[in-house]
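Chemist: Got chain W; can you put chain Y on it based on the hints?
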Amino acid sequence: MPARIRFETVEEGDELPARDLLLEKDQVRAYARAANQWSARFTDDDGARKEGLPGMITPGNMTMGLLATLVEAWAGAGTLRRIGTTFRGLVLPGRVVKLCGTVTQRVESDRTVEVDVWLETDEGERAVIGTATVKFD
Amino acid sequence: MPLDLDPSILGQEFDRAEYGPVTAEELIAFARALGETDPRYTAAGPDLVGHPTFCVRYKGKKFYPENLPKNINVRSGFDAGKDLELGVPVRPGDTITVRSTAHEIYEKTGRTGSMYFVVIRFTMTNQRGETLAVVDNRFMHR
Numbered sequence: 001m002p003a004r005i006r007f008e009t010v011e012e013g014d015e016l017p018a019r020d021l022l023l024e025k026d027q028v029r030a031y032a033r034a035a036n037q038w039s040a041r042f043t044d045d046d047g048a049r050k051e052g053l054p055g056m057i058t059p060g061n062m063t064m065g066l067l068a069t070l071v072e073a074w075a076g077a078g079t080l081r082r083i084g085t086t087f088r089g090l091v092l093p094g095r096v097v098k099l100c101g102t103v104t105q106r107v108e109s110d111r112t113v114e115v116d117v118w119l120e121t122d123e124g125e126r127a128v129i130g131t132a133t134v135k136f137d
Numbered sequence: 138m139p140l141d142l143d144p145s146i147l148g149q150e151f152d153r154a155e156y157g158p159v160t161a162e163e164l165i166a167f168a169r170a171l172g173e174t175d176p177r178y179t180a181a182g183p184d185l186v187g188h189p190t191f192c193v194r195y196k197g198k199k200f201y202p203e204n205l206p207k208n209i210n211v212r213s214g215f216d217a218g219k220d221l222e223l224g225v226p227v228r229p230g231d232t233i234t235v236r237s238t239a240h241e242i243y244e245k246t247g248r249t250g251s252m253y254f255v256v257i258r259f260t261m262t263n264q265r266g267e268t269l270a271v272v273d274n275r276f277m278h279r
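Residue numbers (our numbering), protein chains in the order written: chain W, 1 to 137; chain Y, 138 to 279.
In isolation and in its complexed conformation, chain W is listed as follows:
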């Protein structure tokens, strides 16, 4: 599948189209099932509270997956080469999160682009931050 944008048109400082997403509890449960992470903390409010959490939380791996999807929605499926994320805070389902990204580097020699990515909670906290590398044809 061709990239949705062309390398030649990318500039450092470009912002990826941000995505507001209502993270439904059922979607988090579907991810926990599909990702082999079925445990109370990701699927059940009462079970999560017994672990000292405020309620069920979103797996860090899922937030990384959402950020990967954001990057490929911009650059094209199959273009992501690397993604690294730091999980800094809890991401609670049932709320709107914002997925964001900015181009930080454009490398002409190997036609790659470095991107800063982050997930912002509805309270404005960057609960997940990271970087990604995209390779263009």
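Hints should not be assumed to be uniformly reliable.
[Claimed, not checked] Straight-line C-alpha distance at most 27 angstroms; calculated DSSO-like pairs for lysine-lysine:
1. Lys196(Y) - Lys207(Y)
2. Lys196(Y) - Lys50(W)
3. Lys245(Y) - Lys196(Y)
4. Lys25(W) - Lys196(Y)
5. Lys198(Y) - Lys50(W)
6. Lys199(Y) - Lys50(W)
7. Lys245(Y) - Lys199(Y)
8. Lys25(W) - Lys50(W)
9. Lys98(W) - Lys25(W)
10. Lys245(Y) - Lys207(Y)
11. Lys135(W) - Lys98(W)
[As the list claims (entries may be wrong)] On the chain Y side, residues computed to face chain W include the following (Cβ under 7 angstroms):
12. Ala166
13. Ala170
14. Thr190
15. Val193
16. Ile242
17. Tyr243
18. Glu244
These are computed hints drawn from the structure, not numbers from a lab. Heads up, the beta-carbon is just placed ideally off N, CA and C, and yes, glycines get one too.
Modeler: Quick look at chain Y alone, frame taken from chain W:
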């Protein structure tokens, strides 16, 4: 308390696990749970491949090597982050071998005291010996 680390444990494979064969249904369910709509990841057929982060659903059977420094309380900790280097995509029918190594172990001191980070590297290959992904899992312990 400084880490009592035996450096020889770094880079040593301490676990090997095999999974699969991967089904198209598993690949599609994973992608759809992320809200993915691209047919490359969601349409059954010869062109279907796994979402770029599909490999993170796999891990070793043993969580940690046995000879971690004793001052790391492995009973209490959390997932602090993940780095994923992608190789060839996962396809239906693939079997996945996960090799686990202790990649990095270090201490950081913050306002609330010492924090210990353990980075476990999963190197994942398919039945043809091709690298699917290298996943560094960073766990934090107090």
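Chemist: Closer than 7 angstroms between Cβ atoms is the bar; does Glu244(Y) clear it against chain W? Give me holds or violated.
Modeler: violated, 17 angstroms
Chemist: Measuring from the C-beta of Ala170(Y) to each C-beta in chain W, is the shortest one below 7 angstroms?
Modeler: holds, 4 angstroms
Chemist: Is Lys245(Y) close enough to Lys207(Y), meaning Cα to Cα at most 27 angstroms?
Modeler: Since the Cα atoms of Lys245(Y) and Lys207(Y) sit roughly 16 angstroms apart, the hinted pair holds (cutoff 27 angstroms).
Chemist: Close enough to count: is the Cβ of Ile242(Y) nearer than 7 angstroms to one in chain W?
Modeler: violated, 18 angstroms
Chemist: Starting from Lys198(Y), check that the Cα of Lys50(W) is at most 27 angstroms away, please.
Modeler: holds, 26 angstroms
Chemist: Close enough to count: is the Cβ of Val193(Y) nearer than 7 angstroms to one in chain W?
Modeler: holds, 5 angstroms
Chemist: Between Lys245(Y) and Lys199(Y), does the CA-CA distance stay at or below 27 angstroms?
Modeler: Since the Cα atoms of Lys245(Y) and Lys199(Y) sit roughly 25 angstroms apart, the hinted pair holds (cutoff 27 angstroms).
Chemist: Let me know if the C-beta of Thr190(Y) comes in closer than 7 angstroms to any C-beta of chain W, holds or violated.
Modeler: holds, 4 angstroms
Chemist: Are Lys135(W) and Lys98(W) close enough, with their CA atoms no more than 27 angstroms apart?
Modeler: holds, 24 angstroms
Chemist: Hey, does the Ala166(Y) contact hint survive, CB to chain W under 7 angstroms?
Modeler: Constraint on Ala166(Y) satisfied, holds at 4 angstroms.
Chemist: Is Lys196(Y) within 27 angstroms of Lys207(Y), Cα to Cα?
Modeler: Given pair Lys196(Y), Lys207(Y) holds - Cα atoms ~23 angstroms apart, limit 27 angstroms.
Chemist: Holds or violated: Lys25(W) with Lys196(Y), Cα cutoff 27 angstroms?
Modeler: Given pair Lys25(W), Lys196(Y) holds - Cα atoms ~24 angstroms apart, limit 27 angstroms.
Hint compliance for this structure: hints 16, 17, 18 are not met, and every other hint is.
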